[in-house]
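Undergrad: My request is simple: use the sequences and hints to build the entire structure.
If you count the sequence shown from 1, position 141 lands on 141 in this note's numbering, and the numbers rise without skipping.
Among the hints, a few may not be true.
As a list, the in silico EDC-like pairs of lysine to aspartate or glutamate whose alpha-carbon atoms are at most 20 Å apart [to be verified]:
1) Lys401 - Glu377
2) Lys155 - Glu169
3) Lys470 - Asp420
4) Lys379 - Glu75
5) Lys423 - Asp456
6) Lys175 - Asp188
7) Lys476 - Glu466
8) Lys476 - Glu124
9) Lys470 - Glu75
10) Lys476 - Glu357
11) Lys155 - Glu493
12) Lys401 - Asp341
13) Lys374 - Glu357
14) Lys476 - Asp420
15) Lys303 - Glu284
16) Lys401 - Asp188
17) Lys66 - Asp18
18) Lys457 - Asp308
Label pairs and their in silico Cβ distance ranges [to be verified]:
19) Lys66 - Glu101: 55 to 61 Å
20) Asp341 - His273: 15 to 21 Å
21) Ser195 - Arg224: 44 to 50 Å
22) Glu377 - Asp456: 32 to 38 Å
23) Asp3 - Leu217: 57 to 63 Å
24) Pro267 - Glu226: 47 to 53 Å
25) Leu317 - Lys66: 54 to 60 Å
26) Ser195 - Ser287: 31 to 37 Å
27) Pro137 - Lys457: 44 to 50 Å
28) Lys376 - Lys66: 21 to 27 Å
Keep in mind that the hints were calculated from the coordinates and are not lab data. For clarity, every value in this text was computed on a predicted model and none was experimentally measured. Yeah, the Cβ is synthetic: ideal placement off N, Cα and C, and Gly gets one too.
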Amino acid sequence: MDDYSPLELLHHIAGLIDDAADNALPDKAQQALQLCDALAKRLDARQLVELNYFRANAWSVLRHAKHRDESKVWEWDQSEILHEIFWLRSAVRSTEFGAHEPFRQCQILVNTGNILSHIGRPIEAFEYWNRAIGLMPNFAMALGNLGHGLETYAKYLYDPGHQVVILKEACNFLKAAAAPGAVLDSYDYQRIIESMLGRAESIQSHVDFTSLENISLYEHSLGRSEVERNYRAWALGNGLFLSSLNDLGAYPIAAHDVLHLPDMVRPISEPPHFIGFFNQLKQEYVSARFLCWQGITESEANKEHYSDKDVILLNTLDYPVYSVCVEQVKVAYRMAYSLFDKIAFFINEYWSLGMRESSINFQSVWFECGSNGKPKEPKVLRACFQARQNLPLRGLYWLSKDFVEDAKDNISLGETMEPDAYKLRSIRNHLEHKYLKVHDDLWNDTDCPDNTLFRDKLAFHLSMQELNEKTIRILKMARAGLTYLSLAVHREEGIRRSQVQDKITVPMVLPRWEHF
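TA: Here it is in structure tokens:
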């Protein structure tokens with residue numbers, strides 16, 4: 001390797017992976033990965049984006065080789081997927097990602113969306129595909145995969161009205177991918193175009209779109225007051241409403257939190273406690289969302305709240321920020337993060353896993369437990385989840401891979417597929433148990449060496465902007481988690497109904513809870 005420049009080696013690795021993909025040669029992909037590891041230390045940040053993209057492609061080759069055995073496709077625990085997503089995200093999260101040409105950025109974004117959709121996480125996939133379309137509006141693979149992803153998403157929804165709207169959009173994107181002027185990154189143009197048009201024609205032949213003729217996505221009120229309209233517009237723009245229609249974009253029709261549990265068949269003696277549980281999860285989420293918006297909006301407006309008057313605080317000379325607005329955003333982060341462990345409690349009860357309450361969290365609920373009630377080491381996926389064909393439930397499992405169970409854990413590739421997992425967990429732990437210091441956006445903690453007088457070593461440091469961004473990100477993850485939970489129950493109810501068709505069921509309709 002010493003005889004070649006980094007660029008020459010990158011070109012060589014790319015050729016190896018292309019050959020491995022074209023000819024289904026997993027051994028050659030493994031060879032490419034070894035070269036990637038050896039080359040990584042010699043590259044700058046911009047070149048590492050390219051290298052991490054190649055790493056992900058090599059892992060994709062290994063995944064496809066494994067999936068030649070069709071029985072492996074539905075396996076939940078696949079290290080190839082975890083590595084593929086980790087390296088794609090590492091490329092996208094790099095500060096040098098935007099330095100690459102739009103075509104390469106689109107390739108990376110589309111691949112990230114594709115693999116997330118494959119594992120049951122379409123909501124996050126939509127964001128990546130839309131980012132690619134934002135860079136290149138005629139990028140065919142982004143348009144086509146978004147259309148196909150929306151089609152799959154619609155099939156898992158319990159609301160037929162939402163299904164029709166989303167399938168209509170899916171059809172439009174599929175047609176756009178095959179339209180003249182669409183940019184394709186594959187040599188097999190004709191086959192791809194025929195596939196896209198075939199999917200669109202199939203949707204049109206099976207779905208009656210006449211019901212949408214008098215429905216507008218735009219002509220819906222966002223509220224009577226300017227404050228309410230601003231709040232709802234912000235939530236729509238960030239994709240934070242609990243409505244599948246918000247996944248199509250910031251359409252006013254989606255400005256309602258309509259997501260709930262689907263129809264469920266339960267023992268007649270059982271109270272509607274799952275519905276009550278989901279009600280509470282939903283209310284905590286929408287309250288966290290509002291607190292986040294309020295905190296961000298009022299802090300950006302530099303409004304002084306009366307609760308902050310006459311509160312004497314000392315200036316530690318490292319540009320700290322203190323206000324009730326900051327605390328509102330912090331509370332929103334904590335509330336949203338706490339929802340994941342509560343989702344785990346729901347999973348434990350609904351799927352009758354029998355875990356001890358003290359051992360339940362979003363990372364542990366998926367694994368077999370020992371006599372002490374804790375997951376076995378090494379971890380073994382529960383038999384009831386192995387190869388279970390419930391895509392939204394599998395999406396929840398893979399969502400848990402974006403977290404780490406304990407901030408003290410040795411975060412290493414193979415345990416998480418989120419490069420930022422340690423930081424997300426550390427923020428939560430410092431908010432709950434320790435000390436998180438928020439600074440003015442002009443302050444940069446890297447400008448303050450560890451040996452200076454004003455370096456606060458007890459605190460976890462964040463700028464106000466980063467706190468806001470991380471909180472919105474956790475809210476998006478929580479929204480996805482609640483959506484996948486509802487859709488997983490819908491899928492499970494379908495499976496269970498097919499098993500009890502000879503039983504008598506009595507319908508029970510619960511009224512809406514109304515504010516008085």
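Undergrad: With reference to the structure, classify each hint as holding or not holding.
TA: Consistency of the hints with the structure:
1. Lys401 - Glu377: At roughly 17 Å apart (the allowed maximum being 20 Å), Glu377 and Lys401 satisfy the hint.
2. Lys155 - Glu169: 14 Å, holds
3. Lys470 - Asp420: The hint holds at about 10 Å.
4. Lys379 - Glu75: Given that 20 Å is the threshold and the Cα spacing comes to 15 Å, the pair holds.
5. Lys423 - Asp456: It holds: about 18 Å lies between the C-alpha atoms, which stays within 20 Å.
6. Lys175 - Asp188: Between Lys175 and Asp188 the Cα gap is close to 17 Å, so the pair holds against 20 Å.
7. Lys476 - Glu466: 15 Å, holds
8. Lys476 - Glu124: 9 Å, holds
9. Lys470 - Glu75: 31 Å, violated
10. Lys476 - Glu357: Roughly 26 Å between the alpha carbons, so the hint for Lys476 and Glu357 is violated.
11. Lys155 - Glu493: Holds, because 15 Å separates the two Cα atoms, which is no more than 20 Å.
12. Lys401 - Asp341: Roughly 13 Å separates the two Cα atoms, so the pair holds.
13. Lys374 - Glu357: Satisfied, since the Cα-Cα distance of roughly 10 Å is no more than 20 Å.
14. Lys476 - Asp420: 15 Å, holds
15. Lys303 - Glu284: 26 Å, violated
16. Lys401 - Asp188: 34 Å, violated
17. Lys66 - Asp18: 17 Å, holds
18. Lys457 - Asp308: 26 Å, violated
19. Lys66 - Glu101: 55 to 61 Å: 32 Å, violated
20. Asp341 - His273: 15 to 21 Å: 18 Å, holds
21. Ser195 - Arg224: 44 to 50 Å: 47 Å, holds
22. Glu377 - Asp456: 32 to 38 Å: 37 Å, holds
23. Asp3 - Leu217: 57 to 63 Å: At roughly 59 Å between Cβ atoms, Leu217 and Asp3 fall inside 57 to 63 Å, so the hint holds.
24. Pro267 - Glu226: 47 to 53 Å: 49 Å, holds
25. Leu317 - Lys66: 54 to 60 Å: With Cβ atoms ~56 Å apart, the hint holds.
26. Ser195 - Ser287: 31 to 37 Å: At 44 Å between Cβs, range violated.
27. Pro137 - Lys457: 44 to 50 Å: Given about 48 Å between the Cβ atoms, the range holds.
28. Lys376 - Lys66: 21 to 27 Å: At roughly 24 Å between Cβ atoms, Lys66 and Lys376 fall inside 21 to 27 Å, so the hint holds.
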